[in-house]
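Engineer: One-letter residues, chain by chain:
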Amino acid sequence: MEPKETRVDRLAGHMVRTETQSGIELETSYGPDDIGHLSYEEDMGDPGAYPFLRGIYPEMYRNRLWLKSFIVSYATAEETNQAFREYIANGMTDLRLLCDLPTQSGIDPDHPSAWNSMMCGGVATYALPVYEEMLAGLPLGEAVFELAHAGMSSFIYFYGLLVAMMEGRGMDIRRLRGNSINDPIRSKLVYGCPDFPTDIDRRICLDHIEFSARNTPSWRPVAPNGVDPCQGGMDAVRELGGCLAVATVVMEDLQKRGVGIDEYGPMVFSLDAESDFFETIAKFRLARKMWAMIAREKLGARTERAMQLKIGIRTSGLSLTHQKPLNNAARVTLQILSCVLGGVNSLDASSIDEAVGLPSPEARLFNLDTQHIITHEANIPLVADPLGGSYYLEWLTSRMESDVNAYLDEIASRGGIYACLESGWLNQVMEACRLKVQREKAEGKRLIVGVNAFRSEDDKEGPINEAIRDVAYKPPSIAMREERVREVTRYKASRDMERLKALTLDLFQATKEGRNVQRAVIEAAKAGLTLGECVGVIRLGYGIEYDPFNQVGTPDFVLAAVGA
Amino acid sequence: MAKVGCDIHERGALTLVTSLRDTGMEVIYTGRYQTPEAVAHIALTEDVDVIALSDHTGSLPIIAQDVLNELGKLDAAYIPIIAGGLLTPDDVRALEDMGVTGNFGPGTPMDVIIAHINTLVEP
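Residue numbers (this note's numbering), protein chains in the order written: chain A, -12 to 551; chain B, 9 to 131.
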């Protein structure tokens, strides 16, 4: 038989696009004239100096590397605790907490709508004892924790559990370190979280921030999130614009409660590390500059601290492919590199098996080692902002600044970010961006290696790729889910109901009377109030039905407590 | 197009809804946070040709079995089910055993999915 003729792939020899991932059209090269409008002092500044484009510390990484973080949340508290211990031993410095999807939606495992996603994406952390088990032996007050959940109920409740644990051990809660995402726009725009309507989201967001600002100064209680809107479709300009708009309105709302920006201190954004290398670096540098300018000029910040933006990263899960998962190692490595060149402060890198399932431990360790290699073998972090002054990068940063400002003007002209959410406009913007990407893929203008380009004819993969797929974490079985329902039922029956009723009434009244609910949530959680019950009681305080899914009635003890 | 439970990952479902509509199909999307009962009920009352289940939690076999059970209660088990999302090889085998077809992983080309739906629907 004659061998089949080998064909040269027409895609292999040239670029198929002339614009960045977000659609910024590029010249073939850039020179001094392209950045002639920029002033070093005003537009860039030295690392550690306003407007912090080049980084928030003068020496950047040399004395203080970025925090290495992951979301660690497997099906049970026990295996999650084990995983935290192993990753800490391998160099993890930032512990991102999550829970399963039903809990993030505001319901307990015994709720009928929990079953089909129970223990998926994490532990069903429905009450304080689960947190005690999940975090057993981990250094509260020393470790940095992050709350990365979807629903707004999660932040007020799980921050409450961290405080409750520290108080239960007689520790000073001022030592609590870390941050909450606590972004009410992202919760609705991306997730459509059913726990609360937007007006409750906006209020408890502030309750959490206000309490934290006054009681746990090393906790950053809001980190406007661009990662998930970006994964939902937004491009880099709209991702950054959205974060700036959220941070601004939250700080304005907080000022009305008597907490000024100088008292509040530095802002944190959670941004996405996307595949477009230079655009991603430009985005990180620009985020610091734009926040510094808004903080000083719009919000009246006087201290440098309050003008500083810390950037926490999650690398793009969406960019990873199920096909040839080994290729994801190249994608994630480049994304990590863009973070380091962009001067980020914490980095949560996706795993090569993440398009298959929850990350396997070995894939996680590979992530940590990639960061160690970038640091200690490639010596990338020795010098702050090593790409500063690049004609292309500075032009791109400046061009994105104009685009983000235009987007912010449009949000303002539509009544602000909350009005843009409520009118559905933000969703329309996200959908338009998503369709553009979809069209580009279909037209061959956006190539995904191994997916819509460079596929072998028989799609056969070798043993390395097959092994990556095989080791990905497996979701919990029916028997494990049934056991969890029995466990939560037992737990609910084991509580001191008189004490619980009194503290439930406190939470109900604080909600109803418009007082800050954070302390009431902490105390009720100490008495055993679960996440699902906490959501229900706050909803009752607003005069809306207890169950966000409208499937279960109000528990008897809650009815008795609130006298309904 | 249906999503059952509390899975928040919606982009795959939304992308597919648009692509299927572009080919001239009529698509009803249930939105997120649905129950199996609701999906079976919507499928029957809307007289759909195919139910497509999307999920990225790893629970597709459990979800598909629940939807099949609910369809059975309504004497509607004749409606074919296809599935897509996060799937392990074990999941695919389990789904095929219960008669669920397609079982597409992330990144499957649209024309493959569309062609599969066309094999299930009488012209």
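These aren't lab readings, by the way, just hints derived from the structure by calculation.
Given the structure is predicted, the values throughout are model-derived calculations rather than measurements.
C-beta atoms are modelled at their ideal positions from N, C-alpha and C, and glycine is treated no differently.
One should not assume that every hint holds.
To be clear about the criterion: a stretch of chain B counts as covered by chain A if any three or more of its residues have a C-beta under 8 Å from a C-beta of chain A, and this derived list gives those stretches [as the list claims (entries may be wrong)]: (1) 39 to 46; (2) 50 to 61; (3) 66 to 72; (4) 103 to 112; (5) 118 to 130.
Engineer: Against the structure, test the hints numbered earlier, and report the numbers of the ones violated in rising order.
Structural biologist: Result: hints 2, 4, 5 break, sorted rising.
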